[in-house]
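2 protein chains.
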Amino acid sequence: MNELYKMLNELIGITEAEWLTFSAKLIRREVKAKTLLVSESQVAKNIYFIESGLLRTYHLQDDKEVNSYFACDNQFIATFSSFISQTPSFENLETIDDSIVYEISYIKLHELYDEHRKFEKLGRILAEKNYMCMLDRAYLMQTKTAKQKYMDFMENYNEKIIQRLPQYHLASFLGIAPESLSRVRKEILKS
Amino acid sequence: MNELYKMLNELIGITEAEWLTFSAKLIRREVKAKTLLVSESQVAKNIYFIESGLLRTYHLQDDKEVNSYFACDNQFIATFSSFISQTPSFENLETIDDSIVYEISYIKLHELYDEHRKFEKLGRILAEKNYMCMLDRAYLMQTKTAKQKYMDFMENYNEKIIQRLPQYHLASFLGIAPESLSRVRKEILKS
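Residue numbers (my numbering), protein chains in the order written: chain A, 1 to 191; chain B, 1 to 191.
Do not rely on the hints blindly, as some may be mistaken.
Since the list gives no way to pick one copy over another, a pair counts as held whenever it fits inside one copy or between any two copies.
Here are the computed lysine-lysine pairs in the PhoX-like style, where the Cα-Cα straight-line distance is at most 20 Å [as the list claims (entries may be wrong)]:
| # | residue 1 | residue 2 |
| --- | --- | --- |
| 1 | Lys118 | Lys25 |
| 2 | Lys64 | Lys144 |
| 3 | Lys108 | Lys118 |
| 4 | Lys144 | Lys160 |
Calculated from the structure, these hints are not laboratory results.
Make the full structure from the sequences, and use the hints.
Shown next as structure tokens:
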């Protein structure tokens, strides 16, 4: 949990007492690969901080899985729209590898918001970061070629995700066919 | 400003004293149609609450304007990513009609965040709403047909925007050619 403490301290500067209050609300879970933590049409009850592992969010479109987000060690993941609105999720959240996560529930997070203004600030910053991430992705998907999208992924994603992610998951994330991804990778290797 | 007070009261429940603190930070501006309030590559200094009028955000893609958002009476508008990150905007914010807006600056909003935890909560809620709006739009643009996108617009947008918005602005917002929009409208009128 040391990494989570460091991250919170960077984001909102917390005291030891505040950290104790926060960490008491967390539940540590060891989760096997390919476990669904949130299913489509369920309300997302938790947000997750990843100690180790690899997870994804995805939705079904014409019976195909479309990946929308990946996260690994020391990152947050959630089906965020369902979590903040407490309405049924249109996405699934699943572990790709065996993972260890700390979950915090909607109810407990809102207790923190009420108890300490600093955690309200944390909620604002997380929502703003999610907004920026969604905007970047929407812009990328609408305006860039397959090659540009792949280059952006290689530049901006965590090294572990780049190394561990199966190619078919990446192709679905980039909105391109697996064959197009292979072609793009070959082109880049040649150049 | 009565409508802004009502909205804030619904969102965060504010006292008269808190409203006085908040409203003292606002600047009222009367702005002619087709005035740029934020230009591409500028840092967005303000967020706007619209008393009356019609505004849009848009960016340039291959020298064409692509509309990303419209707002009218009693709604907020900003080039939100630039505002929250205080980095240069990739979008423009412009009045379509003559408008009256209340602007609040980044600096003053952050003073409010520091002074009253309720305003921190407001910041969180606004960021969450922006996230949901962006997500809905990204999902709509990626998965729906021209007809579905038009139907969604007619169902979910403010009546004034539907009435006042020039068709070429709407076509660019929906990511379809003006001729396709005309065809879709004719199809719906016939059915």
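The hints, checked one at a time:
no.: 1; hint: Lys118 to Lys25; in the structure: within (15 Å within a copy, 23 Å between copies)
no.: 2; hint: Lys64 to Lys144; in the structure: between (22 Å within a copy, 16 Å between copies)
no.: 3; hint: Lys108 to Lys118; in the structure: both (15 Å within a copy, 19 Å between copies)
no.: 4; hint: Lys144 to Lys160; in the structure: neither (24 Å within a copy, 34 Å between copies)
Hint 4 from the earlier list is the only one contradicted by this structure; the remaining hints agree with it.
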